[in-house]
Each structure stands twice: as C-alpha cells, then as structure tokens.
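Heads up: the protein sequence lines correspond to chains A and B, in order. If you want the working numbering, it's the 1-based position in the first sequence plus 34. If you want the working numbering, it's the 1-based position in the second sequence plus 335.
Careful: at least some of the hints might be erroneous.
Within a straight-line C-alpha distance of at most 20 Å, the following computed DMTMM-like cross-link-like pairs (lysine to aspartate or glutamate) qualify [to be verified]: (1) LYS659/B <-> ASP710/B; (2) LYS104/A <-> GLU544/B; (3) LYS81/A <-> GLU564/B; (4) LYS644/B <-> ASP618/B; (5) LYS641/B <-> GLU709/B; (6) LYS85/A <-> GLU553/B; (7) LYS233/A <-> GLU314/A; (8) LYS85/A <-> GLU544/B; (9) LYS220/A <-> ASP194/A; (10) LYS104/A <-> ASP582/B; (11) LYS601/B <-> GLU658/B; (12) LYS128/A <-> GLU564/B; (13) LYS647/B <-> GLU686/B; (14) LYS128/A <-> GLU320/A; (15) LYS128/A <-> ASP54/A; (16) LYS692/B <-> ASP710/B; (17) LYS641/B <-> ASP710/B; (18) LYS669/B <-> GLU615/B; (19) LYS104/A <-> ASP576/B; (20) LYS85/A <-> GLU320/A; (21) LYS104/A <-> ASP194/A; (22) LYS232/A <-> ASP294/A; (23) LYS522/B <-> GLU658/B; (24) LYS104/A <-> GLU564/B; (25) LYS283/A <-> ASP306/A; (26) LYS233/A <-> ASP79/A; (27) LYS104/A <-> ASP710/B.
Worth flagging that the hints you see were computed from the coordinates, not collected in a lab. These figures come from a predicted structure and were not determined experimentally.
Here is how the chains run, residue by residue.
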Amino acid sequence: MAEASVVVPQNPVEQFLRMDRIPHIWCPGCGIGTSVNSFAHALIDAKIDTKHLAIVSGIGCSGRVAGYTKFDSFHTTHGRAIPFATGLKLANPKLNVVVYSGDGDLFAIGGNHLIHAARRNVDLKVICINNLIYAMTGGQTAPTTPGLVTTSTNPYGTYDPSFNLPYLVEAAGAVYVARWTAFHVKQLARAMQEMFAKKGFSFIEVLSPCPTLYQRRNKMGDGLDTMKFYKQASKVRNGAPTSEVALTKSGEIVVGKFVDRERSDYGVLMHDTLADALGEDYVETEACSCQ
Amino acid sequence: MHADPAGVLTGSHFLDGDHACCEGALAAGARFSSGYPITPSTEVVERFAQRVPTVGGVFIQMEDELAASIALQGAVWGGAKAFTVTSGPGFSLMMEHIGYAAMTETPCVFVDVQRGGPSTGLPTLPAQADMMQVRWGSHGDYAVIALCPNSPQECFDLTITAFNMAEKYRCPVFVMLDEVVGHMTEKVVIPPADQIEVEPRRYTKLPPEAFAPYEPDEDLVPDMPRVGEGYNVHVTGLTHDERGYPDMRPAVQDRLVKRLLDKINKNADKIILYEEDQVEGADVVVVSYGITSRVAQRAIDMARDKGVKVGKFRLITAWPFPEKQIAAIAEKVKGLVVPELNLGQMVREVERAVAGKAVVRLVPHAGGSVHKPEDILNAILEVTRG
Chain A
35 MAEASVVVPQ NPVEQFLRMD RIPHIWCPGC GIGTSVNSFA HALIDAKIDT
85 KHLAIVSGIG CSGRVAGYTK FDSFHTTHGR AIPFATGLKL ANPKLNVVVY
135 SGDGDLFAIG GNHLIHAARR NVDLKVICIN NLIYAMTGGQ TAPTTPGLVT
185 TSTNPYGTYD PSFNLPYLVE AAGAVYVARW TAFHVKQLAR AMQEMFAKKG
235 FSFIEVLSPC PTLYQRRNKM GDGLDTMKFY KQASKVRNGA PTSEVALTKS
285 GEIVVGKFVD RERSDYGVLM HDTLADALGE DYVETEACSC Q
Chain B
336 MHADPAGVLT GSHFLDGDHA CCEGALAAGA RFSSGYPITP STEVVERFAQ
386 RVPTVGGVFI QMEDELAASI ALQGAVWGGA KAFTVTSGPG FSLMMEHIGY
436 AAMTETPCVF VDVQRGGPST GLPTLPAQAD MMQVRWGSHG DYAVIALCPN
486 SPQECFDLTI TAFNMAEKYR CPVFVMLDEV VGHMTEKVVI PPADQIEVEP
536 RRYTKLPPEA FAPYEPDEDL VPDMPRVGEG YNVHVTGLTH DERGYPDMRP
586 AVQDRLVKRL LDKINKNADK IILYEEDQVE GADVVVVSYG ITSRVAQRAI
636 DMARDKGVKV GKFRLITAWP FPEKQIAAIA EKVKGLVVPE LNLGQMVREV
686 ERAVAGKAVV RLVPHAGGSV HKPEDILNAI LEVTRG
C-alpha cells in the first residue's frame with residue numbers, strides 16, 4: 035500500500051507570529067490569543083503592509099502581544115506604550131503604529147497618556163484587551179473592574195467605581211471607537227480592518243475572559259462559560275451613545291461601533307500650522323532620520 | 336561624518352547655556368525632542384520648538400516627564416536623533432525611562448539643568464545635587480555617561496559630544512548643566528558644519544536573516560536595525576538574549592547586565608574627558624565641575640597669589656568617573672579640595688579613588704547660589720598647612 039501523504043497547509047496566522055517563542059504564556063481560556071488571531075485575519079483581509087507595521091505594548095498579559103508578533107515590536111514600560119508609539123509615529127510617519135495592551139496598562143498607569151494622545155489625535159491604532167483585572171500580577175482591582183466582584187485587593191467586594199472606556203475615549207477625542215468581545219472574532223477582525231482605514235486615534239475595546247483570576251475568583255466558570263455569557267449578554271448596538279455602554283458584573287454587554295468620525299490628525303495639524311506660519315522657511319520632513 | 340549644515344548656526348553668538356545646548360543638539364543632528372516645561376531648563380526646548388521646523392523635525396510637548404522621556408525613545412527607534420530636557424523634579428520622573436534606555440540600549444540624550452532640591456526645592460536657583468541620581472537613579476545595574484559643561488560654549492560643544500557618545504555606546508548620555516550655566520550668557524562660537532564631527536547611527540549592514548539585534552561588536556556595543564525594513568526587531572525592557580527575546584535565566588541576566596556596565600567601563604579611557612592645570616608639583620589639587628569650577632578658579636588664583644602650589648582638575652566627564660587620574664594625583668599631593676553645590680556627592684568618588692592616600696576636603700554648599708571663592712580658598716590653605 036502506498037504511503038499516504040498529508041499536506042498540512044501552514045496556518046495563515048503563523049506568518050505573523052514569532053513561532054520560535056511559542057508556546058505563549060497565556061492561560062487556557064484567555065481571550066488575548068483569540069484577539070491576536072482576529073488581528074492576523076484583519077492584516078490579511080485588509081492587505082496591510084506588515085513591513086511598515088509596528089506593534090507597541092506596555093506591561094501585563096496583553097503587553098506580551100508585542101513579544102509574540104513578528105513585526106517590529108516594542109515591549110515598553112508599564113503604561114507608556116502610547117507615548118513611545120507617539121514618538122515612533124511622529125519620527126517615522128511611514129510606519130503604521132498599533133498599540134496593543136491591557137486595561138490596567140492603558141487606563142490606570144497609562145490613563146493620562148491615553149487621553150492626551152486621543153486629544154492630539156495622533157494616528158495610532160489602539161487595541162485594549164479588557165479582562166477587568168490586573169492579571170499578570172495576580173488579580174488585583176483595576177479601574178475597569180465592575181462593582182461587587184471579588185479581587186485579591188478587594189477580598190470583600192469592589193467598591194471603586196469603574197471607567198466606561200468607550201465613553202472616556204470618545205470624550206478625549208478618538209475618531210473611531212468600538213467594542214467587541216473575544217466571542218465576536220469575525221466582528222472584531224472587521225473592526226480592526228476598519229480601524230486600519232482610519233487616520234487618527236482609533237480605539238477598540240476587546241472584552242476578554244481571565245478564567246484564572248477573574249472568573250474563577252467570582253465563581254463565573256471557565257473560559258467556555260464566559261464565551262457563553264458573552265454570547266448571551268452581548269447586544270449589538272452600532273452607534274449607541276457611549277454614555278450608555280458601561281459594563282456591569284453580569285448585565286448587558288453593548289457591543290458594536292460607537293464612534294466613526296473625521297478629525298485632522300496630529301501630523302496634519304502640525305504640518306498645516308507650521309507651513310502656514312513659516313511659509314518658505316518651513317522644512318517639511320517625511321521622517322526625522324539621522325542616517 | 337560631518338554635521339548636516341541645515342542644523343548648524345555657524346558664527347559667533349551671544350547665547351545663554353540653555354540656548355547653546357539647543358544649538359549643540361541641532362548641530363549634532365537632533366531632529367526630535369519631547370519635552371515638558373520646567374524651570375530652569377525650558378529655554379532649551381523653547382528654542383528647539385522655534386528652530387526645528389525650519390530645519391526639518393519635530394518638537395512635541397508631552398503631558399508629563401514620564402511621557403517625554405519615553406516618546407523620545409520611540410522617535411530614536413523610528414530613526415531620529417532625539418533628546419529631552421528637564422530639571423530635578425522632572426528628572427526624578429524620568430528615572431523609569433533612563434532604565435529603559437539603558438536596558439534596550441537606546442541612544443538618547445537627557446539634559447538636566449540642575450536646581451536646588453529635594454522636591455520642588457529652589458526652582459530658579461542653582462545646585463549640583465543630581466550627580467548621584469544621574470548615575471544611580473533608576474533601579475538595577477547599568478552604566479551611563481554624564482558630562483558637565485561650565486560655560487555656554489561647552490553647553491554647545493558637550494551636547495554634540497553627548498549625542499556622539501550616545502550613538503557610539505548606545506546608552507543614555509546626560510548633559511548636566513546647573514541653573515547658572517544654563518542662564519549665563521557668553522560668547523559661543525559655532526564652527527562651520529564641515530568642522531563638526533557627528534557620529535552616525537551604527538546601523539547593521541547584515542540582512543535581517545543574519546542579524547541578531549543584541550549581539551555585540553568587539554567594542555561590546557551591538558549594531559542597530561532600521562525599523563520598517565523587515566528586521567522584525569523585538570525590543571523589550573525585560574532581560575533578553577541576543578535575539579532580543581525575553582529570557583529569565585540567571586546566566587542571561589549576568590551576560591546582559593555585565594555587558595551594559597562593561598561597554599562603558601572598558602571603554603572609559605576613550606570616554607573620559609577632563610581639564611587639568613599645574614597638577615604636576617602641586618601640594619593641593621582642587622577637583623570641581625560645572626559652575627563650581629569657575630568659582631574654584633578664582634580661589635586657585637587667590638591661593639597662587641599667596642604662593643601656594645595648587646593645581647586644578649576639572650571633571651568634564653563625571654561618569655564614568657576618572658578614578659585612575661584622581662588616584663595618580665593622590666600619590667603626589669597632600670590633599671584634594673572638592674567644592675560642589677551639594678552636601679557631598681562626587682566627593683565620595685574622589686574619596687574612593689584616593690583610597691586614603693591623601694586628605695580629601697569637601698567644601699559643601701546646599702545650593703541657591705554659588706560658593707564664595709573665600710570658602711574654597713580657606714579649604715585650600717587649611718589642607719596646605721596640613
């Protein structure tokens with residue numbers, strides 16, 4: 035009998051991963067890897083030139099995305115992915131700069147940087163994995179943790195009011211704001227594609243399970259149970275006022291695209307103002323290159 | 336290579352130290368600065384904001400010093416020569432990213448126009464009290480280069496040197512002004528661009544498949560990749576191997592962190608700059624730096640008028656510290672006098688290098704003004720009398 039040969043095609047996502055760094059550190063049931071899968075499909079479908087794609091992450095579980103993706107990738111300090119990305123983008127505008135990080139990183143220690151980058155409308159694509167907790171450090175309360183859940187630092191229940199991320203980011207000036215969950219892999223990939231087409235500060239919140247530290251501690255089951263919860267509790271409301279999309283422990287999860295608007299980005303504002311003020315004395319640069 | 340003429344304001348100027356520092360940065364090729372206002376350093380970036388759009392580059396005012404000190408590193412990896420400027424309180428906030436620059440070997444320049452501290456301290460008055468912070472302020476083991484100009488001319492010259500050393504050794508380099516040097520106005524001569532040497536970035540010539548971003552050259556410094564060219568470089572503040580990948584093994588930590596120190600320490604003879612005068616045959620040598628060296632010069636002149644054999648040793652490089660030179664002086668003199676605008680910082684390094692072979696006399700000053708020359712003179716006379 036002739037030997038059967040089976041051709042296993044390469045997973046199309048692999049080309050974007052540092053396979054020599056796999057296996058990754060993410061727990062079974064975590065949604066970060068799922069979001070990276072959607073991201074990879076968005077790159078394929080939107081035909082993104084990955085040579086000019088740079089990923090910037092902060093610190094935390096989601097901050098490890100930069101370490102697994104095979105692009106020019108920068109794993110920065112806690113909370114500072116956005117100002118690093120701002121310098122990278124302004125010095126080298128040819129780069130397509132994506133910030134991929136977590137809720138604690140972007141909204142607690144990095145919250146000030148995030149609102150100012152949104153205000154300036156720096157051309158950054160920000161993907162925020164929101165697992166409602168500080169996961170890397172063991173499940174402490176984050177600015178996104180809903181009320182009345184248990185965390186390692188609120189063992190008797192949380193009482194800090196939490197941020198509604200889309201509302202905050204819209205108010206700060208983002209031109210694109212959407213929320214999906216790790217269950218909505220297709221919608222998420224499409225939102226990422228849309229984000230790549232935008233110029234300016236764009237933001238996608240990706241609600242993700244943390245079975246190890248959030249769901250387990252709150253007796254909410256495992257990763258699969260959380261997927262079922264996302265499926266059952268999510269309601270697509272494109273264009274919903276962001277003031278109405280706050281998350282609670284077990285209530286409705288409003289998902290969809292909330293904001294899609296045009297506003298001159300920082301590079302255009304800078305260029306137009308300087309060109310107008312300086313006339314012939316203005317020296318336009320495509321990049322601040324030191325070669 | 337020579338400086339890009341676009342950034343060089345060739346001629347004879349009447350400039351303060353802050354403005355001269357800005358011109359030095361432009362001459363060195365800096366085309367990006369991220370700043371946050373703080374007295375007495377703000378004039379550096381105010382001038383940069385005015386000048387850089389006519390040269391081709393970016394100034395961005397960030398939301399705080401944390402952001403300023405990391406935005407510039409993004410710009411460096413994007414291909415720019417970049418710097419930021421601050422004073423004590425802002426310098427404290429920047430410590431996080433000084434460590435990041437050291438760990439990721441990001442060539443960049445920080446200018447610290449020192450004022451009195453601790454905390455908000457003396458916003459408009461001088462001190463030299465960040466001299467240990469600049470060496471040790473961020474956590475972990477690393478090495479830096481710190482330069483101490485004592486005039487607006489040196490603010491120009493040494494800012495260029497700082498950028499060149501940053502590129503050569505891929506570490507954060509510091510230009511340690513003080514409020515007086517920053518705000519004093521003197522003649523500054525800016526030479527033609529073809530007389531200014533500028534260190535190019537050490538970009539790798541290897542193709543992406545053959546390149547390991549943290550594989551050092553013979554001088555212990557690795558070459559850099561260009562982003563956007565398919566190198567898929569990974570940069571992390573985590574302990575990393577030669578590929579740039581996180582690796583938590585003690586052997587990897589040992590190899591990496593030792594190299595971060597060795598690349599400065601083993602190249603110290605090429606890095607260290609100092610000025611000396613009549614050290615040979617002296618009974619006493621005054622060791623000083625920055626504005627204090629100019630007050631010390633007055634005290635030295637007064638002592639020489641009294642017939643005292645007094646030499647001068649001026650630290651231009653505070654870090655790495657010229658310990659061999661100080662140790663050699665200690666063999667031949669009765670003592671060393673160390674005036675500084677703090678209550679005893681660099682004097683500790685002097686004591687360490689002298690190792691008990693001569694008297695070391697600190698002339699402390701908590702800041703807010705410069706020393707009285709008489710105080711330094713009295714110390715010289717006391718050490719001479721033994």
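Now the hints, each set against the structure:
1. LYS659/B <-> ASP710/B: At roughly 28 Å apart (the allowed maximum being 20 Å), ASP710/B and LYS659/B break the hint.
2. LYS104/A <-> GLU544/B: Holds. LYS104/A to GLU544/B sits at ~13 Å (cutoff 20 Å).
3. LYS81/A <-> GLU564/B: Measuring from Cα to Cα gives roughly 18 Å; hence the hint holds.
4. LYS644/B <-> ASP618/B: Holds: LYS644/B and ASP618/B sit about 5 Å apart, inside 20 Å.
5. LYS641/B <-> GLU709/B: holds (13 Å)
6. LYS85/A <-> GLU553/B: Outside the cut-off at roughly 30 Å; violated.
7. LYS233/A <-> GLU314/A: violated (27 Å)
8. LYS85/A <-> GLU544/B: The given pair, whose Cα atoms are some 14 Å apart, holds under the 20 Å limit.
9. LYS220/A <-> ASP194/A: violated (33 Å)
10. LYS104/A <-> ASP582/B: Satisfied, since the Cα-Cα distance of roughly 17 Å is no more than 20 Å.
11. LYS601/B <-> GLU658/B: OK: LYS601/B and GLU658/B at ~13 Å, within 20 Å.
12. LYS128/A <-> GLU564/B: Distance ~11 Å between LYS128/A and GLU564/B Cα, so the pair holds.
13. LYS647/B <-> GLU686/B: Holds. LYS647/B to GLU686/B sits at ~17 Å (cutoff 20 Å).
14. LYS128/A <-> GLU320/A: holds (8 Å)
15. LYS128/A <-> ASP54/A: Distance ~28 Å between LYS128/A and ASP54/A Cα, so the pair is violated.
16. LYS692/B <-> ASP710/B: Cα-Cα ~24 Å, so violated.
17. LYS641/B <-> ASP710/B: Holds, at about 15 Å.
18. LYS669/B <-> GLU615/B: holds (13 Å)
19. LYS104/A <-> ASP576/B: holds (17 Å)
20. LYS85/A <-> GLU320/A: holds (17 Å)
21. LYS104/A <-> ASP194/A: violated (38 Å)
22. LYS232/A <-> ASP294/A: It holds: about 9 Å lies between the C-alpha atoms, which stays within 20 Å.
23. LYS522/B <-> GLU658/B: Status violated; Cα separation ~32 Å.
24. LYS104/A <-> GLU564/B: Holds, because 13 Å separates the two Cα atoms, which is no more than 20 Å.
25. LYS283/A <-> ASP306/A: Distance ~46 Å between LYS283/A and ASP306/A Cα, so the pair is violated.
26. LYS233/A <-> ASP79/A: At roughly 18 Å apart (the allowed maximum being 20 Å), ASP79/A and LYS233/A satisfy the hint.
27. LYS104/A <-> ASP710/B: violated (62 Å)
Checked against the numbered hints given earlier, the structure breaks hints 1, 6, 7, 9, 15, 16, 21, 23, 25 and 27 and satisfies all the rest.
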